[in-house]
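Top line first, the protein sequences correspond to chains A and B.
Be aware that the first sequence starts at 1, since it is given in the numbering used here, and climbs by one per residue.
Be aware that the second sequence starts at 348, since it is given in the numbering used here, and climbs by one per residue.
It is worth saying that the hints were derived from the structure and are not from the lab.
One or more of the hints may lead you astray.
Unchecked claim - EDC-like, lysine to aspartate or glutamate: derived pairs with alpha carbons at most 16 Å apart:
#	chain 1	residue 1	chain 2	residue 2
1	A	Lys338	A	Glu286
2	A	Lys290	B	Glu359
3	A	Lys81	A	Asp107
4	B	Lys424	A	Asp201
5	B	Lys456	B	Glu423
6	B	Lys456	B	Glu532
7	B	Lys681	B	Asp597
8	A	Lys138	A	Glu88
9	A	Lys251	A	Asp201
10	B	Lys438	B	Asp472
11	B	Lys637	A	Glu12
12	A	Lys77	B	Glu532
As the list claims (entries may be wrong) - Some chain A residues near chain B, calculated using beta-carbon distances under 7 Å:
#	residue
13	Gln29
14	Gly56
15	Ile74
16	Phe78
17	Ile220
18	Ser221
As the list claims (entries may be wrong) - Calculated Cβ distances over 12 Å to all of chain B for the following chain A residues:
#	residue
19	Arg84
20	Ala97
21	Asp107
22	Asp156
23	Ala225
24	Met232
25	Gly237
26	Gly260
27	Glu287
28	Lys334
29	Lys338
Where a beta carbon is used, it is the ideal one built from N, C-alpha and C, also for glycine.
2 protein chains.
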Amino acid sequence: MGVQMFNHRGPEFAALQGRLTEGLKKVFQTKNDLYILTTSGTGGMEAAVVNFFSPGDHILSVTIGVFGDRFASIAEKFGAKVTRVKAELGKAADPAAVRDALKTNPDVKGVLVTHNETSTGVTNDLEAIAREVKAAGKLLVVDAVSSLGSLNLPVDAWKCDVVVSGSQKGWMVPPGLAMVSVSAEAWAANAKAAMSRFYFDLGQAKQYAARNQTPWTPAISIMVALDVSLKMIEKEGIQQVFARHQRVADKTRKGLRDLGLSLLADPKNASNTVTAAKLPDGVKGEELLKVLRDEHDVVLGEGQGPLTGKIIRVGHLGWVPDEDIEGVFAALRKALPKVGFVPAGVK
Amino acid sequence: MGVQMFNHRGPEFAALQGRLTEGLKKVFQTKNDLYILTTSGTGGMEAAVVNFFSPGDHILSVTIGVFGDRFASIAEKFGAKVTRVKAELGKAADPAAVRDALKTNPDVKGVLVTHNETSTGVTNDLEAIAREVKAAGKLLVVDAVSSLGSLNLPVDAWKCDVVVSGSQKGWMVPPGLAMVSVSAEAWAANAKAAMSRFYFDLGQAKQYAARNQTPWTPAISIMVALDVSLKMIEKEGIQQVFARHQRVADKTRKGLRDLGLSLLADPKNASNTVTAAKLPDGVKGEELLKVLRDEHDVVLGEGQGPLTGKIIRVGHLGWVPDEDIEGVFAALRKALPKVGFVPAGVK
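Extracted from the complex, chain A is given alone in its bound form (with noise of 0.2 Å):
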């Protein structure tokens, strides 16, 4: 990221940004327009949100964790009267409890839907719940910054009309780009929807982007690590991908496993990108993990929300090597005894 930075109204920027669309448009597995904002996921999931809806709509949101719950927030917070759907934390969403409430709210404008929720190690099954939405005849707007450029999600298929992620996650470049991605439907909802916006303006993104520009400032450095990462990503190919998350994954749940620490995620809904374990009765989680992190330099996830201080989390998106994953169990083995539980296999 130490090129020497360039005019965002010139050709090597346009040409940039082109790129980047073509290439984030092939792992979305969407036709669909593609903006690259510059913010962080949550700044995402806000402009996912005021483009589409207006206050005093009545908006489903299917939340099973944290940032299920974020999303919520920020429709509320822009006005609009939201009912949550939601699931016990290390469940997925009941696609059958999305169709039900469809059905007692028909008044409902949209639904909001995390696909991978990180707090939990969670991910729904996106296609099942996009299938009751769509039946239903509703927008569909996804929160990918966790699972976009790791799990699959095909948006076209699926029938997905606002989908956000994040540059931190799967797309491996540091944190400061979030994309989003508008289908016709959503552009539709876009000309009546009415929430206070400006900055997290599509339409403005829209105007701009004919002439591959943004209407404000972006962070071309970040845009500029990212032009490598799609470049990676592309070589691998996507399917290469996705497969090399579910084996790290795999292998992560069984080292934990066989540590004898107990999952929180349901396993089959489990998260190829991270991994909850419940801290065993009587380990303090931040003590762990400055154990790990001061005697192992090993930098795992504490419990947010309700889960704070009840489980760790151990993050395996984007390029993780096997060594890494290895590191974190051989950390866990030393440092588990010193905070009052002794792994299985450990004397």
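Given chain A, put chain B in place with the hints provided.
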């Protein structure tokens, strides 16, 4: 910026954010709270509006060009009633006109001002305008995206309540970060401010800043670059940085006039970061910029908004060596005759 990304919830990030916040406060010359947002300057401007006003509020917007108009538009999009105090393009705002507008509109809650208008190359007399605004007891919100770090703006001495800057300008790092300072009076306004916000909610930023974190994932790579450039600014000394901009600006203005071009800005308010020169009769800006870019590798700015096709703009903000400015003059001496204007001293 090629460092390995690190966890934004860990101690390394907290130390970085603490160091950047203190370093930025020195350049802002403020003891107010200060936050770093992952967005471009326009997002920072949105944050500076939506956190301090409510829909229906009457706001005065001092606009002398494209960026002033943008500030006013943001306030309107989020439901404010905006009264504009304008000036002729190329002129600075008249502090007496601001005083009069405040007298005529006693219900005004706050005033938006652009410190340095990049589209015309004019720097407003912010000190005098601030005096009028604070004498009237109104909230003062300043767009310093293209001035802070290059031009003197003592935030506390001039009693500016909210001041926003952007990383790609005087800070000499890539675009992607905005910085916003918030006074106690602004926080009091925030408590009653009802404009819709989520990603740009500074109340969230304040909560997380208590442990030197950000509510959403930050653009770490650009923060690492800013860490380096703040050390460079501190080493040079900010008064020396301002003096250097003055000297390079004087040289730019003299060089352009020596070529026989007339400058757009009123000399007493000419910006020390960007200079706009009027295109001579018959010269097409687009053609001139193309010759400069293709044959001389020199990228100048075009006119924006109503000045499209009427001016060219030479940027001299951040670290601009004398040779770069001399290179611009040399390129113009060769390029101008090709598009129909023989500069002074060229046969």
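Looking back at the numbered hints, which does the structure fail to meet, lowest number first?
Violated hints: 7, 8, 9, 12, 13, 14, 23; rest satisfied.
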